[in-house]
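*Asks:* Each chain, letter by letter, is given below.
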Amino acid sequence: MDYSALLSLLDATIRLSTPLLLACLAGMYSERAGVFDIGLEGKMLMAAFAAGAIAAVTGSAWLGLGAALIISIMTALLQGAAAISLKGNQLIAGVAINMLAAGLTTFLGQQLFRQGGRTPQLSGDGRFGTIDLPLANEIGQIPVIGPIYSELISGHYILVYVAFLAVPITAYVLYRTRFGLRLRAVGENPKAVDTAGISVIKLRYQAVLITGLLCGFAGAYFSIAQGSGFGNNMTAGKGFIALAALIFAKWKPVPAMFTCLLFGFLDALQIRLQGASFGGIEIPVQAIQALPYVLTVVLLAGFIGKAVGPKAGGVPYTKER
Amino acid sequence: MSALKPLPRWADVALLPLLNLLLAFVVSGIVVLAIGHNPFTAIWAIITGAFGNGYNIGYTLYYATNFVFAGLAVAIAAHGGLFNIGGNGQAYIAGLGVIVVALALQDTHWLLIAPVAILAAALFGGVWAFIPGYLQAKRGSHVVITTIMFNFIASAVMIYMLNRVLKPAGVSGPESAMLAEGARMPKLGTFFAPFNYTPVNFSIFLAIAALIGVYVLIWHTRFGYALRVMGQNPTASRYAGISNSKMIMVTMTLSGALAGMVAFNEVFGVQHRLVLDFVADAGFVGIAVALMGRNHPIGIAFAALLFGALYQGGNELQYVISGLDRTVVVIIQALVILFTGAMEGLFRPGLQRTMMLFSPEQKAEAIARETVKSES
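Going line by line, the protein sequences match chains X and B. Residue 5 is where the first sequence starts when you use our numbering, and the numbers rise one by one after that. Residue 35 is where the second sequence starts when you use our numbering, and the numbers rise one by one after that.
Okay, chain X solo, but in the shape it has when bound (with noise of 0.2 Å):
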């Protein structure tokens, strides 16, 4: 493989890892807080059609960002009413928002534009055009270094951006305010947290708003920046992709960058992969599409360290009278 196909490889791994650490960094905050979430796949699916058919109708990028961000709010509102105010069973709440975002999405794109599900091809100004950093062509002929600079770092869309940056802005919320150590706490003892007089519930409520906000950024990503419209089903089980990153990053901001990357770059390869082989042994492609699960199986079997999430997660908070 030579310098330039490395490159692109790890360009493409940069496009794939931006949606996964969207909604990993999305499924932390709510995890931390105690409230476990296999809907990420549901929210960002929400998500990604509401860009996308807002996008379509108005032709502006923007417009659709806005739609998805409040349509996925709405979904982890319902979700938090179901698993915070109701103390319902937060996994079940999980599956039924899939369920119900996998429904709702083809059931509402075939209705409104007729085409098996899809919303109209995008383009212009109804997609996110990618952005190119100052300096980039300059830079970019210094050898060797330069095109690290140009194609890697610099010509994406913004909200890469957004999700890299996203990525900082956690761990300082998250270790650096009282927002966040209060969010912490209540994910390790919410008894605790509601002796000292906070509210347990609004803590978790917040958690669950900001959930859906990266949730909302992730799933315009699929239709309106890395893709031209929404196509049904589009985000095939990312959701459980992210929520496999953030356990293997044992719940921390850094370190859920590093695997989504990881697992980024195991997409990469596995659509460069298709049909090669090495050394006469042809690796099946599948394989490489099942490691993330496999790892995250395995890490959770503590043989590769021990993933131990937050200590309330998954109990919704009764308080005592």
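Calculated directly from the structure, the hints in this document are not laboratory data. Treat each hint with caution, since some may be false.
According to the in silico footprint, chain X covers these stretches of chain B (three or more CB under 8 Å from chain X) [stated by the list, open to error]:
(1) 172-182
(2) 374-383
Pairwise CB distance ranges (calculated) [to be verified]:
(3) W66(X) / L41(B): 49 to 55 Å
(4) Y273(B) / E324(X): 23 to 29 Å
(5) A314(B) / G133(X): 35 to 41 Å
For each residue, glycine too, the CB sits at the ideal point set by N, CA and C.
Starting from the structure of chain X, add chain B where the hints point.
*Replies:* Coordinates of chain B only, in the frame set by chain X:
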């Protein structure tokens, strides 16, 4: 005001699920209405599409067969406090067992193949669920996350098997060889003419047997008792000398074996070969079925029939109202899971309050309160 009393059993078991179901239908109706169609026309189309004639009923029963197995798989795990959302993967892998056995024995008689195929399906599905069970019991990894991951791993494994291993020469699509004519589970239609051309087959009797078997297992055996104790209170069960880790592994294996029966019905009874994604999310429908049926075989039988009807009716919907199709059913299904599972508490306080108005104790209390007030 005194604390709310728990609901009487009949209200908890029947009324509450019905109210939740009704809510799911109302919300789905609103969705249909919002799109500009008449929800009542849609409901009527679903009902007649599911039960209108023998052909429709045959299909309804075929779907219900799958959903009974998937629902029981979720329910048996739920009794032990485990949430198995890996039914899809377990059923998918079980298909491998069924097709290997059936292809190997296809020159014999279906009566000989059936029991071996059942065992193979149970074994493959069981093993695929045993691993998450083992990992939870021995290594402390959450069964929900592992079963999700195993769904995806199963999907990757099966794509590989169908494309590379099982695909016979000369076939272009990812599928296995076709079973010989004599090596197929007979369709009910061969004996009962109204069911002609429908996929409902002898597996439905296996489903009924499974319902009875699970009932006996959970409420009339030592194992079932231990299972329920663990589900209610794992700490108590440990102090009672029950090995929770052993119970988790056995329960998950049983759950996976039951999910595997979906493959038995599909592969041996309907498709007669292994095709891509033959499970078609039956594992997830199983969650809705178990939730609605309150994890009880009788409830599951009714819920499976309801979802079978919704599926078949949903298929017919597109011929009546253009534009509406099966996805409406997916929405209803999701809403059922949402309302009966996650938002189960929505009506409970209101219903409890309403019930108390009519209870004799409540009346007595109210009268007493009135008297105290007037005396003072």
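*Asks:* Decide, hint by hint, whether the structure agrees.
*Replies:* For each hint, the structure was consulted:
no.	hint	result
1	172-182	holds (count 8)
2	374-383	holds (count 6)
3	W66(X) / L41(B): 49 to 55 Å	holds (50 Å)
4	Y273(B) / E324(X): 23 to 29 Å	holds (25 Å)
5	A314(B) / G133(X): 35 to 41 Å	holds (39 Å)
In terms of the numbered hints stated before, the structure departs from none.
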